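With chain X held as given, fit chain V onto it using these hints.
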Amino acid sequence: MTDSGSFSWAPTRRGFGAGMGALAATLLGPQIASAQGAQSANLAMVGEPQSLDPMASTADLVSIIMQHVYEPLFTFDANGAVQPMLAAEMPKIAADGKLYTIELRKGVKLHNGRDLDAEDVVASLKRWVEMTPRGKALSKSIASIAAKGPSTVEIALNDLQPALLAHLALPSGYAGIMAKESIANPLVEFVGTGPYKFRERKPDQFVVLTKFDGYVSRSEPANGYAGKKEAKIAELRFIPAPNANTRVEGVVAGQYHFADQLPVEANKKLASSSAAKAVLTMPYGFPYFPTNTKQGPMADLKVRQAFQMALDEEEILLAGFGDPKFFALAPSHFPKGSPFNSDAGAERYSKADAAGAKKLLVEAKYDGAPIRILNSKQYDFHHRMALVMAEQLKAAGFTVTLDVVDWATLVQRRGDPALWDVYITHSAFFPEPMLSPPQLGDGAPGWWKTPAKDAALAAFNGEPDPAKRGPLWAKVQQVVYDEVPYIRAGNFGSLAGVSSKMKGYTPMPFPAFWNVELN
Amino acid sequence: MWLTLGRRIGGLIIVMLLVATMVFFLTRLAPGDPAALMLGDQATPEDVARLRAVYGLDKPLLVQFGLWLKEVASGNLGQSIFLQRPVTQALAERAEPTFFLTLFSVSIAALIGIPAGVASAVWRGRAVDQIVSGLAMLAANVPSFWLGLILIQLFAVRLGWFPVAGYGDPGAPLADRLGHLILPASVLGLVNSALITRFTRASMLDVLNEDYVRTARSKGVSEARVVLRHAFGNALIPIITVVGLTAALLVGGAIVTETVFGLPGVGNLVVSAVLRRDYPVIQGALIVVAAVYVLINLAIDVIYTLVDPRVRT
Chain X
1 MTDSGSFSWA PTRRGFGAGM GALAATLLGP QIASAQGAQS ANLAMVGEPQ
51 SLDPMASTAD LVSIIMQHVY EPLFTFDANG AVQPMLAAEM PKIAADGKLY
101 TIELRKGVKL HNGRDLDAED VVASLKRWVE MTPRGKALSK SIASIAAKGP
151 STVEIALNDL QPALLAHLAL PSGYAGIMAK ESIANPLVEF VGTGPYKFRE
201 RKPDQFVVLT KFDGYVSRSE PANGYAGKKE AKIAELRFIP APNANTRVEG
251 VVAGQYHFAD QLPVEANKKL ASSSAAKAVL TMPYGFPYFP TNTKQGPMAD
301 LKVRQAFQMA LDEEEILLAG FGDPKFFALA PSHFPKGSPF NSDAGAERYS
351 KADAAGAKKL LVEAKYDGAP IRILNSKQYD FHHRMALVMA EQLKAAGFTV
401 TLDVVDWATL VQRRGDPALW DVYITHSAFF PEPMLSPPQL GDGAPGWWKT
451 PAKDAALAAF NGEPDPAKRG PLWAKVQQVV YDEVPYIRAG NFGSLAGVSS
501 KMKGYTPMPF PAFWNVELN
Chain V
1 MWLTLGRRIG GLIIVMLLVA TMVFFLTRLA PGDPAALMLG DQATPEDVAR
51 LRAVYGLDKP LLVQFGLWLK EVASGNLGQS IFLQRPVTQA LAERAEPTFF
101 LTLFSVSIAA LIGIPAGVAS AVWRGRAVDQ IVSGLAMLAA NVPSFWLGLI
151 LIQLFAVRLG WFPVAGYGDP GAPLADRLGH LILPASVLGL VNSALITRFT
201 RASMLDVLNE DYVRTARSKG VSEARVVLRH AFGNALIPII TVVGLTAALL
251 VGGAIVTETV FGLPGVGNLV VSAVLRRDYP VIQGALIVVA AVYVLINLAI
301 DVIYTLVDPR VRT
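Quick note, the sequences are listed as chains X and V, same order. Per UniProt numbering, the very first residue in the first sequence carries number 1; after that it's consecutive. Per UniProt numbering, the very first residue in the second sequence carries number 1; after that it's consecutive.
Bound conformation, chain X alone (with noise of 0.2 Å):
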């Protein structure tokens, strides 16, 4: 298709329209016409992204854009396995496991025109331990980040680090490699070696990157974020569309050619469309609701698993996405195929057991105090999965307060552990355990602190061996189910609206737009 997505008001169709646009025509056809011609896609995201720095923020919208711009040294594919990227090939790791050590792919090219080398590694992940929460948080475990010749890295660590390439391949605040020249806070030049450079941002219109003619990819095949990439089509729009109808009228009216986050009602109306089908990636995220360990009633583990029995994760997730199509149950946090699938502490997943949950209560001697839910409207499917968990709390006993508020107050509040006992959160499918949520690590809201939690995460965490993380991730989950830190409620998909014109498109959580063209 050419100019798929340039869509002008000026004249396509009917006879108003063509009345319009002769007279745009004649007022400014030389500006129209060479518009025209280029290949571009239209590309409706959810918002505006905070930062086009995947360093300087966590958002998933920053990363889902810049990863077209900026590459990692590692990366997953569809199965969730680490592969390399910008590395030549698996790190050598020595025998104690401290040491890794990186072979870059060699006349990789920078945006600027330039080979990649040790040195841009160096320094950006450098920016990456410095500026990023998961990098602050494995600091104290980095001794030194070094370059060994032009395209060799080494990473010293003080201590083991099972996760660090889970951790380098995530892309939510992404380790992406720059142009060392480039780094600057705040960052002006975006030089990466993607297959996209960045071409201009108009902050609540557009984000254009276009199509690195010097960009040198990979050999393997196609696979989740990994293997080969290619820019197949000349320009990329980020276009913010907050307004979910939008972007569903958007999509079928052919004005967007990728749909973003649409709502689950939309599904029929993508089915009956010729413009656009309906994608779902799946799973995208799970619903979690940790709980306050710290203060209130919660802080009593009996009191926490009386909560956790008295829920039925089932009628949660329908309230939420409203269609099984678009959640599963899933009693264990990794999905069948990964090696952290376990059954560990699954007989406790989904009870719905009121009276059980009741008797709990009798012996925690719980006194009535109010479970105070802290949720935002601002994501619809929270709110609906609050209300819902509120009526299944009261049938078993439990007082309940819906603490409903927009979502920077919540945020707010869940730092204060006066202020909450449960908050309903969700979070992205990360394919590594220590990835997500936050209540695995210290100090994050919860406060989640137990002999039994340092225990099996020191084991889980001190194990290098592949082969022998699994289990000891089953006696992590069991810890998890045992003591309540917080309620995995399951998985949910994400929908998406893809134009009929667009070939190629792999639904991931994080979309991506190499390897797919426009017809």
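Calculated from the structure, these hints are not laboratory results. No experiment lies behind these values; they were computed from the predicted model shown. Beta carbons: idealized from backbone N, C-alpha and C, even for Gly. Among these hints, one or two may not hold up.
Pair by pair, the computed Cβ-Cβ distance ranges are [claimed, not checked]:
| id | chain 1 | residue 1 | chain 2 | residue 2 | range |
| --- | --- | --- | --- | --- | --- |
| 1 | V | Lys59 | X | Pro150 | 25 to 31 Å |
| 2 | X | Glu315 | V | Pro238 | 54 to 60 Å |
| 3 | X | Glu130 | V | Asp58 | 16 to 22 Å |
| 4 | X | Ala452 | V | Leu69 | 50 to 56 Å |
| 5 | X | Ala452 | V | Asp58 | 53 to 59 Å |
| 6 | V | Pro238 | X | Thr399 | 54 to 60 Å |
Over 10 Å on every C-beta distance to chain X, these chain V residues come out as not near it, computed from the model [to be verified]:
| id | residue |
| --- | --- |
| 7 | Pro45 |
| 8 | Val48 |
| 9 | Gln84 |
| 10 | Val213 |
| 11 | Val294 |
| 12 | Pro309 |
Just chain V, lined up with the frame of chain X:
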């Protein structure tokens, strides 16, 4: 007239100071922390504290207020926390769609509302009056988002005459950008025409009962001349007021319509800033909008003096 103008400008400064004070403190009363929002789930309290310090949010509130006032007085509205650019630049980027949306909406509203109101008054109690009053009632009560969705469905999705949303492709010429405003301006024009219709009708009815109108008719002046020259000219003051106030309100952002049509206007900017607690943007945008509002009111007063010599005295 000059004395009145001078007094008004003096009042404007006081109003702006009051607005600045209220905007600053009301913004800070709302819970929420831009630093925590920006850093996300994985941020530690230390990260949040560091970012708060970068933006001066760790200073006592009065100190922050003093520093901000000083900056505003020198024409600097500050730096957006989320957009990472000066607030003045963020506002300037959104000025064009907001200006043209306001201009088109008010023009459509006036072009519909004034003739409809005049006709309704002239043929009071007759079929025309009843139809116009009924339609005005309908327009006043139709939610703008609903009307927007209906127009999108009809004219953008089914007929394909207009784009669904946005403000033009990168590098699009002005005509293309303005084309994106036809549907949203029609929504706002229709909704706001109701008020103008009703004010025009009421004002015309008052004037049509005046002695000088009766005198004109008894002198044999044609009905068209009576209505358009003698009556309409004297009914203009309330009509100018309501048209001016409609424009002033739209400059502040037709938030719902901007959201439905994905327009990068001032209303969208303010709503996003509120949700993100981007204090500099909220404060800067509200100050500018308040100033424009006050200036439009000033302009209305000046227009009064031009259309009605009695106001000058």
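Would you pick out the hints that fail for this structure and give their numbers low to high? 1, 5, 7, 8 and 9
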